[in-house]
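A.B. asks: If you're matching them up, the sequences are chains A and B in order.
One point on numbering: in this note's numbering, the residue at position 5 of the first sequence is 5, and numbering is uninterrupted.
One point on numbering: in this note's numbering, the residue at position 152 of the second sequence is 152, and numbering is uninterrupted.
It cannot be assumed that every hint is accurate.
Computed spacing ranges between beta-carbons, pair by pair [to be verified]:
1) V134(B) x D23(A): 43 to 49 Å
2) V171(B) x V5(A): 28 to 34 Å
3) R3(A) x E102(B): 36 to 42 Å
4) L86(B) x R36(A): 54 to 60 Å
5) G59(B) x D23(A): 38 to 44 Å
6) R58(A) x P36(B): 38 to 44 Å
FYI, nobody ran anything at the bench for these hints, they're computed from the structure.
C-beta atoms are modelled at their ideal positions from N, C-alpha and C, and glycine is treated no differently.
Okay, here's what each chain looks like letter by letter:
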Amino acid sequence: MYRIVIDGSLCSGFGDCADLAPDVFELDSHGKANLRVGTSNDERVLEAADACPMGAIRVEEVQAA
Amino acid sequence: MTHDPTFWLLARASGLTAYLLLTLSVLAGLVVKSRPFGRALKTAAVTDVHRFFALLGLGMLVLHGVALVLDSTVHMPVAALFVPFLSTYRPTAVAFGVLAAELAALITVSFSLRRWIGGRNWRRLHYATFLVFVMGTVHGLTAGTDSAQPWAFSLYLGAVGAVAFATAWRVLGRPTRTRTTTTTPALERSA
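The following block holds chain A by itself, in its conformation from the complex (with noise of 0.2 Å):
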């Protein structure tokens, strides 16, 4: 399971995440990645990741409770 985080201030919308992973990732009416959900165990989070020119987003692998 991954948990995923945005940094909102380093996100400039390229809207590739949400290009990747749909149903993990969405752009806001301001063009910003927002997140679907919290928690994914969609293995292309980890693509989106990599994929943001930013860097903006933060993947932690996590122990599913």
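Fit chain B to the given chain A structure using the hints.
C.D. replies: Below, chain B without anything else, positioned relative to chain A:
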């Protein structure tokens, strides 16, 4: 040995190359979000190219400075590379280059410091790249000894035109703000 032209040639070539690389980096940066090629180019790849050209350009600027110091055509003390107006050769024209290079280095370093200075400040500072480009262009045209040559002038004209065009495209282009992930890809596929 009266006059070895090696470093003079190197200084001119590296200056023009640095300018070309800066221009390419600016162009890559400008198309990251305006996406003139649609989804064919991945953001991560374009930002990689953007950073690569910026770093390569800075490296070329170092070579430009070293070559100028080692050359004997213009007598450039090391300090004149860092302190504006210290150069006896075309002081104002050289000052534009010194300030542009220092600002470019600061902007490049700021990416690594973005967490520390915050995204908003990082973005504000990044706008100063336009100032770097303008100062670099002025420096090239006024300090460069090749500027009167048609090929060199064409290079500057082409660079300014391309950056102006890409900037207009970025500003006037389709608003990325309203793009939502759920609708746009579907629309693009059906189009």
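A.B. asks: Now look at each hint and say whether the structure bears it out.
C.D. replies: Hint check results:
{"no.": "1", "hint": "V134(B) x D23(A): 43 to 49 Å", "verdict": "holds, 44 Å"}
{"no.": "2", "hint": "V171(B) x V5(A): 28 to 34 Å", "verdict": "holds, 32 Å"}
{"no.": "3", "hint": "R3(A) x E102(B): 36 to 42 Å", "verdict": "holds, 41 Å"}
{"no.": "4", "hint": "L86(B) x R36(A): 54 to 60 Å", "verdict": "holds, 57 Å"}
{"no.": "5", "hint": "G59(B) x D23(A): 38 to 44 Å", "verdict": "holds, 42 Å"}
{"no.": "6", "hint": "R58(A) x P36(B): 38 to 44 Å", "verdict": "violated, 31 Å"}
Checked against the numbered hints listed earlier, the structure breaks hint 6 alone; every other hint is satisfied.
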